[in-house]
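In case you want the letters, here they are:
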Amino acid sequence: EAGVTQFPSHSVIEKGQTVTLRCDPISGHDNLYWYRRVMGKEIKFLLHFVKESKQDESGMPNNRFLAERTGGTYSTLKVQPAELEDSGVYFCASSPQRGGTSEQYFGPGTRLTVT
Amino acid sequence: AQSVTQLDSQVPVFEEAPVELRCNYSSSVSVYLFWYVQYPNQGLQLLLKYLSGSTLVKGINGFEAEFNKSQTSFHLRKPSVHISDTAEYFCAVSEWLKAAGNKLTFGGGTRVLVKP
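Residue numbers (our numbering), protein chains in the order written: chain V, 1 to 115; chain Y, 1 to 116.
No lab work stands behind these hints, which were simulated from the structure alone. Computed from a prediction, not measured in an experiment: that's the story for all the values here. Each residue gets a CB set at the ideal place from its N, CA and C atoms; glycine is no exception. There's no promise every hint is true.
[Stated by the list, open to error] Sample of chain V residues facing chain Y (criterion: CB under 10 Å; computed from the structure):
(1) 3
(2) 4
(3) 8
(4) 56
(5) 70
(6) 105
[Said to hold, decoys possible] Under 7 Å between C-beta atoms, here's a sample of chain Y residues computed to sit facing chain V:
(7) 43
(8) 46
(9) 58
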């Protein structure tokens, strides 16, 4: 069974440009999460999808970030326009069940560098 | 809201020596507790989790953790480390019995460097 995959693995863009990150969860997992780790800080929650619906987007930093999950399969996270403080590693995770006991399976992350 | 503190950002340890990684949390509600590990160039992998029951939890690769409710701690231990245990370790919590989803709140991570 394939794990959670993320594309690209690295992205270097200039301030003001647009970047789209993609996450493919484990097949059949209804829950999909985005997290971000800014250098030197802890991993922070961004948002949670249940199938194609946004369940919780309380962690999204501002309206420059747009997440979608069309059809309840893969998800994209678009940053437009990118700012320097958006640099960090963006992790995606998926889990099969709702509720606090379900393990989240993480992808390897996308390292975003904004120059 | 919850917060998680990992008291050590880096822990150097010699091969075959024991290691303890400290984790304290703060929460106004009951929580589930997790330890994740990230090996170089990989995603986070679950080591173990505490949901309820016995406060001593055993995980993969010989790791174990003990939940102490009075001290709000969930320290991770391994009696004898290997070179392959070199990685970054993350303590995390999620809200108990929350049906709508279990976003994780992470600590800052502890880098373990095992020396030969």
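Hint check results:
Given the 10 Å rule on beta carbons, the hint for residue 3(V) holds: about 7 Å separates it from the nearest Cβ of chain Y. Given the 10 Å rule on beta carbons, the hint for residue 4(V) holds: about 7 Å separates it from the nearest Cβ of chain Y. Restraint check, residue 8(V) versus chain Y: the minimum CB separation of about 14 Å is more than 10 Å; hint violated. With its C-beta approaching chain Y no nearer than about 6 Å, residue 56(V) sits inside the 10 Å limit, and its interface hint holds.
Interface restraint check for residue 70(V): the shortest CB-CB distance to chain Y comes to about 20 Å, outside 10 Å, so the restraint is violated. With its C-beta approaching chain Y no nearer than about 8 Å, residue 105(V) sits inside the 10 Å limit, and its interface hint holds. For residue 43(Y), the interface hint holds, since its Cβ comes within 7 Å of a Cβ in chain V; the closest pair sits about 4 Å apart. For the restraint placing residue 46(Y) at the interface with chain V, the shortest Cβ-Cβ distance is roughly 5 Å, inside the 7 Å limit, so the hint holds.
For residue 58(Y), the suggested interface contact is broken, since its CB lies about 16 Å from the closest CB of chain V, more than 7 Å.
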